[in-house]
Each structure stands twice: as C-alpha cells, then as structure tokens.
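Colleague: Chains as they are written, first to last, in my numbering: chain E, 518 to 652; chain Y, 955 to 1229.
Read the hints as simulated data drawn from the structure, not as lab findings.
C-beta atoms are modelled at their ideal positions from N, C-alpha and C, and glycine is treated no differently.
Careful, some of the hints might be misleading.
What the hints assert, rightly or not - Label pairs and their in silico Cβ distance ranges: (1) Y:Glu1171 / E:Asn579: 43 to 53 Å; (2) Y:Pro1091 / E:Leu575: 50 to 60 Å; (3) Y:Glu1062 / E:Glu627: 40 to 50 Å; (4) E:Glu560 / Y:Asp1060: 33 to 43 Å; (5) Y:Glu1061 / E:Thr651: 36 to 46 Å; (6) E:Lys578 / Y:Phe1081: 47 to 57 Å; (7) E:Pro600 / Y:Glu1044: 19 to 29 Å; (8) Y:Glu1044 / E:Arg598: 43 to 53 Å; (9) Y:Lys1004 / E:Arg601: 11 to 21 Å; (10) E:Asn579 / Y:Glu1044: 17 to 27 Å; (11) Y:Asn1006 / E:Leu575: 23 to 33 Å; (12) Y:Gln1022 / E:Asn579: 48 to 58 Å.
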Amino acid sequence: MSNVIHIEEEENELLAKVEEISGETVTLCEQCGICTTSCPMAEEMDFTPAGIMHAVKLGDKNVLDSKAIWICASCFTCTVRCPRGIDLAKVTEALRQIHLRKNKDHVNLEEVKEEEQEENLPPIALVSALRKFTG
Amino acid sequence: MEYGYYPGCTLKTHAKDFEKAAIEAYKKIGIELKELDKWYCCGTVYSLAKDNIIYKVASIRNLIKAQQQGFDKLVALCSMCYNTLRQAQEFMKEEENRVRINSFMDEEAKYEGIEVLHGLELLKEKFDEIKSNVEKPLGKKYAAYYGCTLLRPKSIAIDAYEKPNIMEKLIEALGGIAIEWPLKNECCGSYNIITNREAVVERTYHIIENARRNGAEAIVTSCPLCYFNLKDCQKDVKKHYAGFDEMPIYYFTELMCMAFGSKIDKCEDNKGELA
Chain E
518 MSNVIHIEEE ENELLAKVEE ISGETVTLCE QCGICTTSCP MAEEMDFTPA GIMHAVKLGD
578 KNVLDSKAIW ICASCFTCTV RCPRGIDLAK VTEALRQIHL RKNKDHVNLE EVKEEEQEEN
638 LPPIALVSAL RKFTG
Chain Y
955 MEYGYYPGCT LKTHAKDFEK AAIEAYKKIG IELKELDKWY CCGTVYSLAK DNIIYKVASI
1015 RNLIKAQQQG FDKLVALCSM CYNTLRQAQE FMKEEENRVR INSFMDEEAK YEGIEVLHGL
1075 ELLKEKFDEI KSNVEKPLGK KYAAYYGCTL LRPKSIAIDA YEKPNIMEKL IEALGGIAIE
1135 WPLKNECCGS YNIITNREAV VERTYHIIEN ARRNGAEAIV TSCPLCYFNL KDCQKDVKKH
1195 YAGFDEMPIY YFTELMCMAF GSKIDKCEDN KGELA
C-alpha cells in the first residue's frame, strides 16, 4: 500500500532536533487536541498546535515551512493545559530556531523600522519580535 | 516600604503614564518604588530553547544589579519585563545553572538570589490603604485583562493562572465594578503586531467585544503591549467592522490615580498623557 507511513525512530531527524533544542519529549503527545482548542491563534494557522506535534512525531518536515510556527505568540496556554505536561511553546520555539540558526530571518528590520516610525509602537513590540524572528 | 524597581524600556518611552501613575499611587499607599541606578533591557521574551543560555544573561544581569543595590525584592510593572525577569529567577534557582552563569559572567558579582515581583502582587496586602485613599470612586464597569505574561508559565503566575482576580479586587477597592468574562487571560496576539497585524486586529475585536458583551465599559491591563494592541488597533477594527464602538483601555495604575483624586488624573480622557 502506498499510503502506509513507515516510522523509523533513527531516521526521524526532525524529532531528534526538536527534542534536543526544546528539551521536551514530543512523543508523549497523545493527540488529545486541548492545545488546539486552547490556542488563541489557531484560526490563523495552517498546522494546528496538535498538528505540529503530530508532524514532528512523524518527522514531516513540511511543518518547518508552515505559517503556524511564526504565528504562535508563545502565550503558553497550550503549555499550562497539556495533560501530558509537554511545553508546546518550547516545541514551536525549536522549530523556529531550526530556521533562525541557518541565518534565515523571518522579519526584515528595515521594513519594521518604517512601520515603527509611523505608528509609535512600544519598544517591547519591536524587541520581542526581533528576539523571536531573527537569529 | 521600599522596593527595588525595574522600569524597562517601554515605561520610559511609550508607557510613561503607566510609570508616573504607579509611582504616585503607590506612594499614597505606603510603597516606595526605588528605580535601580543601573539597568539594562530584560530581553523582553524569555528564551525557550534549552541550549540558548546567552539570551538569559541580560535578565540575570539586572537581577545582579538589584542585588548589588541591597534589594532582596525587585518589582516590575511591565508584564513582559516581569515575565522575563521572573523566569530568569526561576532558572537561577537550579544550582547547575547558577554555577554555570556565575562563572560565565565573572565580571559581575555572583548572583545569590532575589525575588522578582509584579506591581500588582504588592497590592495584595494593601487593600485597606487603597480603600482609605479613594476620593472619587470609579463607578464604571471594568474588565480586568491579564493577558499571558502575568500568569504563564505556571511557575511565574502572580495569581491563579486560569482564574486570577487580583485586578478585580483592585477595581472593586477603587469603587468600580469588576465584570466577569472568559477572555481575561487570553493572548492579544503579542508581537504578531509586527509580522501579522491582521491577526492582532482580529484578536482586538474579539477581546473587546467579549468584554463589552459581559458588561464592560473599559478594559484594564498591566502590559504595555496588550495596551497598544487593544488600544491602537481599534482604528483598524473600525475599518473592518462597521458600527464598532471604541472601548477605553487603562493601565491599572491610572485607575488608582483616578480614584485617589491624584493630580495626574488626566488619563481619564484616555489620551494617555499625564501632566
């Protein structure tokens, strides 16, 4: 059958990398979905929080190209509600870090500067975005 | 009582009113906020990567500065500063981390331990003083909005993380009516304002309408980023949702000054500018 998914632990580079950076055991996830129902940003996401966990478990690297990992605002709602005690905010941080550590920034400082001048953004908006979205 | 006070960048720029009102109102209830002689950016967001120690150094350096000035408690008013500094405090409780950071930052004094508090926590013991200072009871109905960084992760929560009520108690003590609503600890979208403004505009609409539906006439917060997202994005909400009525947003310290009849109560018009 062509649609059978073979999972071989030693070949799941993504899982290994995410667990290394996050310090979390992603395989503990039982797909209950409380993270997705709690997530205030889930409506904006292509991968739901539970979907992100599932993808990492399977080693599906498409999750690295998802919008969702950049939309996560690290609000920790999923983290405090996960019945398995997984800190999901750390998992999405690890996925972002995989990009940022290859010098692939998600935000362009020049563009932000213009916007800031126009809008009187509080410095914490800018600093936090730069901390989260640049390497 | 005197506490070390860490202002952070935004209380010196965008949210000056928040700070002015805090210092004034806290003085009236017997709390002196003594600004650190020297402080640095806290980093704004706490690094969540296990192997990224360097991003924690800025916060820890601030804790050391407070300790060197003889404080055993350090107060932040900005929710994001509170979260970052408090998580750094938690990190440094582990001996392994303390040894590692102390040897890396050998140009600084050794970190021994300090307690990071949010300004709201100081009020828990001060309700009698708050009530006795009220000259102009607030009257209106307010929605206390906590957002994320005062409550999560659990280890740093200033109150019950799913059902906090410290701000409601403050509102009631000031003669206002605190409404109950389900979104008080939901995220406003935070730094998505930089990269995904539309999503934040939707959050603003959703949060404000929910507060209104539950009877609120104004929203109260302690986070300058929540304040910006909820207040400044209302002009964008209006473009998307015809008939949307503006909702005033206040810092909790502004409410204190308003109720105390303090001279710096110009914030009543919600222009965000104090005398």
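Colleague: Taking the earlier hints as the rules, which of them does this structure contradict?
Modeller: 3, 4, 5, 8, 10
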